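Student: What follows is the residue order along each chain.
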Amino acid sequence: MRISKHLVLISALALLVSFTAYPAAAGKKDDTLNIALEKELETLDWYFNTAREGIVLSQHAYDFLIYRDPVTFEHKPLLATSWKWLSNTVLELELRQDVVFHNGAKFSADDVVYILNYASNPDSKVKYWTYVNWIKEVKKIDDYKVQIITHKPFPPAIEFLSCAMPIYPKDYYSQVGSKGFGVKPIGTGPYKVVQVEPGKKIVLEAFDKYFAGSPKGKPAIKRIVWRTISEVNTKAAELMTGGLDWCWLIPPDQAAKLAQVPNLTVVAGETMRVGFLYMDAANVSKDAFKDNPFTKIKVRQAMNYAIDAATMSKTLAGGQSKPVDSVCFPTQFGCTGDVTKYSYDPVKAKQLLTEAGYPNGFEVDFYVYRDRPYAEAIVGSLANVGIKAKLVQLQYSAMREKFQGGKVQLAFWTWGSNSINDISAIIDYWFMHTNDDIARDPKVLELLTAASSEMDVEKRKALYKEALQIIASQAYTVPLFTWVTNYCFSSELGFTPNSDETPRFFLAKWK
Amino acid sequence: MIVYTLKRLALALVVAVIVSLVSFMLIRVSGDPAIALAGEASSAEQIQHIREQYGFDRPLLVQYLDWSWRALQGDFGESPYFRLPVSQIMGDRIGVTMTLGGCSLAFAVLLSLPLGILAAVHPNTWVDRLALAIAVLGQAMPSFWFGLIMIIFFSVTLRWLPVSGTGSWRHFVMPTIALGYYATPAFMRLIRSGMIEVLSSDYIRTARAKGLRWPKILFKHALRNAIIPVVSLAAVQFGFMLGGSIIIESVFALHGIGYLAWESIGRSDLPVVQAIVLMLSLIYVVLTLLSDILNAVLDPRIRVK
Numbered sequence: 001m002r003i004s005k006h007l008v009l010i011s012a013l014a015l016l017v018s019f020t021a022y023p024a025a026a027g028k029k030d031d032t033l034n035i036a037l038e039k040e041l042e043t044l045d046w047y048f049n050t051a052r053e054g055i056v057l058s059q060h061a062y063d064f065l066i067y068r069d070p071v072t073f074e075h076k077p078l079l080a081t082s083w084k085w086l087s088n089t090v091l092e093l094e095l096r097q098d099v100v101f102h103n104g105a106k107f108s109a110d111d112v113v114y115i116l117n118y119a120s121n122p123d124s125k126v127k128y129w130t131y132v133n134w135i136k137e138v139k140k141i142d143d144y145k146v147q148i149i150t151h152k153p154f155p156p157a158i159e160f161l162s163c164a165m166p167i168y169p170k171d172y173y174s175q176v177g178s179k180g181f182g183v184k185p186i187g188t189g190p191y192k193v194v195q196v197e198p199g200k201k202i203v204l205e206a207f208d209k210y211f212a213g214s215p216k217g218k219p220a221i222k223r224i225v226w227r228t229i230s231e232v233n234t235k236a237a238e239l240m241t242g243g244l245d246w247c248w249l250i251p252p253d254q255a256a257k258l259a260q261v262p263n264l265t266v267v268a269g270e271t272m273r274v275g276f277l278y279m280d281a282a283n284v285s286k287d288a289f290k291d292n293p294f295t296k297i298k299v300r301q302a303m304n305y306a307i308d309a310a311t312m313s314k315t316l317a318g319g320q321s322k323p324v325d326s327v328c329f330p331t332q333f334g335c336t337g338d339v340t341k342y343s344y345d346p347v348k349a350k351q352l353l354t355e356a357g358y359p360n361g362f363e364v365d366f367y368v369y370r371d372r373p374y375a376e377a378i379v380g381s382l383a384n385v386g387i388k389a390k391l392v393q394l395q396y397s398a399m400r401e402k403f404q405g406g407k408v409q410l411a412f413w414t415w416g417s418n419s420i421n422d423i424s425a426i427i428d429y430w431f432m433h434t435n436d437d438i439a440r441d442p443k444v445l446e447l448l449t450a451a452s453s454e455m456d457v458e459k460r461k462a463l464y465k466e467a468l469q470i471i472a473s474q475a476y477t478v479p480l481f482t483w484v485t486n487y488c489f490s491s492e493l494g495f496t497p498n499s500d501e502t503p504r505f506f507l508a509k510w511k
Numbered sequence: 001m002i003v004y005t006l007k008r009l010a011l012a013l014v015v016a017v018i019v020s021l022v023s024f025m026l027i028r029v030s031g032d033p034a035i036a037l038a039g040e041a042s043s044a045e046q047i048q049h050i051r052e053q054y055g056f057d058r059p060l061l062v063q064y065l066d067w068s069w070r071a072l073q074g075d076f077g078e079s080p081y082f083r084l085p086v087s088q089i090m091g092d093r094i095g096v097t098m099t100l101g102g103c104s105l106a107f108a109v110l111l112s113l114p115l116g117i118l119a120a121v122h123p124n125t126w127v128d129r130l131a132l133a134i135a136v137l138g139q140a141m142p143s144f145w146f147g148l149i150m151i152i153f154f155s156v157t158l159r160w161l162p163v164s165g166t167g168s169w170r171h172f173v174m175p176t177i178a179l180g181y182y183a184t185p186a187f188m189r190l191i192r193s194g195m196i197e198v199l200s201s202d203y204i205r206t207a208r209a210k211g212l213r214w215p216k217i218l219f220k221h222a223l224r225n226a227i228i229p230v231v232s233l234a235a236v237q238f239g240f241m242l243g244g245s246i247i248i249e250s251v252f253a254l255h256g257i258g259y260l261a262w263e264s265i266g267r268s269d270l271p272v273v274q275a276i277v278l279m280l281s282l283i284y285v286v287l288t289l290l291s292d293i294l295n296a297v298l299d300p301r302i303r304v305k
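Protein chains in written order, with the working numbering: chain A, 1 to 511; chain B, 1 to 305.
In case anyone wonders, no lab produced these hints; they're calculated from the structure. Be aware that one or more of the hints could be misleading.
To be verified - Rough simulated footprint, nothing fancy, chain A against chain B, three-plus residues with beta-carbon under 8 angstroms: (1) 43–53; (2) 82–88; (3) 108–122; (4) 130–137.
Claimed, not checked - Label pairs and their computed distance ranges (CB to CB): (5) B/Gln139 <-> A/Arg372: 45 to 55 angstroms; (6) B/Leu26 <-> A/Asn103: 26 to 36 angstroms; (7) B/Leu26 <-> A/Gln195: 47 to 57 angstroms; (8) B/Ile228 <-> A/Gln195: 42 to 52 angstroms; (9) B/Met141 <-> A/Ala259: 23 to 33 angstroms; (10) A/Arg372 <-> B/Gly95: 49 to 59 angstroms.
As the structure is a prediction and not an experimental result, all values here were calculated from the model. Where is the CB? At the ideal position from N, CA and C, for every residue including glycine.
So that you can see chain A by itself, here it is in the shape it has in the complex (with noise of 0.2 angstroms):
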């Protein structure tokens, strides 16, 4: 009884002791940046993930061949220092001769060779298949010098070697292989990883062998805690109390209270995804639905005129968002804003929906599957022309499946291309007649099969300009505007964002 007395008082005294010496977490004075991402990364093998926290992690543990600078998407030497056309299909890449994996292995020829025919072999499985299917074979020509064999002329090649498929240690992979590597993994990027506990954290630490001459240069702080939290509300608390450092994908009302709080610093950074209303043009959903009225080219132009995307942009995304007349990224190769316009006038959509023989307006179910207070405002946007659109908001996986299964008249997509500065990325996805095409177009399918293996640079811009003019006449969707993220973090942080969704904590610095 006297015992368990005194352990009580203990316990007391230990709590109360505790409670008042809880020092503020990390951050400046010891040289760590936490950060916190919203998914749990399930490998930190680049080829078998699909997320974006694969592609935050890959531009600091690995290189790739070819670097793009964030800001003006220049393409500068990396792991290549050079790279040439032999021919419409053959590409001759000459490597850095002074380069080391994180475990003291030199690179060379033999890793470029064994991972880019690893993964672009379709027995591999990797998950970021459409990015590698290109390659038909890679040689070595000399332990610094590769080939690289497409399937067919594919011209944004040099894009997607800036923006994927990082290198591995041969002799080090072949030896663990995709899972050991997951959980593992080493390359030759800024820093290394010290500890992975899988979904939950990652320690990353400066790589004091980094090459000298990389563009991305030598990190400036020391260390990278790296956490998954993806309730809100933590993460803001976190922030507050100095537990983070940074963290991005705060919505609006949250981000407008955190830029209030002194000693942090909030960005509305655009980012390369774009939205955009789809529309059944072709009529996929015909045994879903007796009527479709988007077979009607006055319905879908109604649809344009209805919404105003310019001031949805400004006050509901705000910070660095755009509006975009073309499903695309401005600076995204190809892209182009020089197609029909469609203003908001409430005015002109009835009247093409009088004529198209709506005079009354509709109601369609309206598909959505994230951002939902937008799609409200689409919602209110189309009751004013007369337009009844039911909200339905399903996961992603469940909406895509009912789309391509065509029982979907109208659908909210948006679309962040992977941060591919190619508009490949995205217009093939929705109107080369995939399943995902729902405007199935032929002279659309015409002019971009055409533009996928043009290799001439000026010739290739101009058959995606004709397409996306098709598509803008036509008005097979209604194009809304860019999106942002609102990234949040420590005002002793250097940090700029970059519209690639990317975070560079290689290229940030303590103040």
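Got chain A; can you put chain B on it based on the hints?
Tutor: Chain B only, in chain A's frame:
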């Protein structure tokens, strides 16, 4: 007694099978797992590739039977998302959930004991009502809201406790209170009514007549008898807490089983979801079974019924 136990056991098994079947079907209805796994920028070709790779193209019943047959042998398969054995992923995270569940249960019992006893000693007075009000408040507040309020108060304002994570025992203080407080009223009411009943019984009157001291009567004689039903309630509540920690784990970014379940549903990681549902329902069924048997041992009348 054996017949009774066997009957309960058979019922428990049926419940476990039904739960696993229903959860299997419900998850399939929520969307094509291959599309979810393939991620956003995936082509039809890629999706088909994944569908075949993980056998999602087979008839549902075949998939279910295949899964249950292997689960019976203790093989829960591999998570297509993490590409790790499900048992390994769950093993990594069960500790957090069990710790949280255990601490919360202890908290709930420790809080409800004094409240229940106080209320029973002073029935129908303001003390009774106050004790009840304190307990009921726990059930009335949504736990995620209560959790956030605590974060604002203890972490943001006072800076006493860390907001989220599992680094130390400090990280468990707020989640424990948030989860445990919710279960308090059930315990408190049971202790109160049990104590009131026991305190009015003959042997307590005898004890008082013998001149025993009041605290001794209360804790040594009365409480021991009043607490028996609490034990069986605790078993059931523990099951609730393991399942109910989903929200708390996500608020406090504790990477336990609940958080894993929540995330896995979103990304259609079926083997993980199925294994978690099966495990939680089995724990629940086993705990309920144990409490049934315990009650039957303690109270012969139940056996006869």
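Student: Hints first: check each against the structure and report whether it holds.
Tutor: Okay, the hints, checked on the actual structure:
Given as covered by chain A, the region 43–53 of chain B passes the check, having 7 residues with a CB less than 8 angstroms from a CB of that chain where 3 are the minimum. Only residues whose C-beta sits within less than 8 angstroms of a C-beta in chain A count toward coverage, and the region 82–88 of chain B has 3 of them, enough to reach three; the restraint holds. Counting residues of the region 108–122 of chain B whose beta carbon lies closer than 8 angstroms to any beta carbon of chain A gives 0, which falls short of the minimum of three for the stated coverage. Look at the region 130–137 of chain B against chain A: 0 of its residues bring a Cβ nearer than 8 angstroms to a Cβ of that chain, fewer than three, so the hint is violated.
Checked against the given bound of 45 to 55 angstroms, the beta carbons of B/Gln139 and A/Arg372, roughly 30 angstroms apart, lie outside it. Separated by about 45 angstroms at the C-beta atoms, B/Leu26 and A/Asn103 break the suggested range of 26 to 36 angstroms. Hint check: B/Leu26 to A/Gln195, Cβ distance near 37 angstroms, so the stated range 47 to 57 angstroms is violated. Our hint of 42 to 52 angstroms for B/Ile228 and A/Gln195 holds, since their Cβ atoms are close to 48 angstroms apart.
Distance hint check: the CB atoms of B/Met141 and A/Ala259 are about 30 angstroms apart, consistent with the given range 23 to 33 angstroms. Checked against the given bound of 49 to 59 angstroms, the beta carbons of A/Arg372 and B/Gly95, roughly 36 angstroms apart, lie outside it.
Hint compliance for this structure: hints 3, 4, 5, 6, 7, 10 are not met, and every other hint is.
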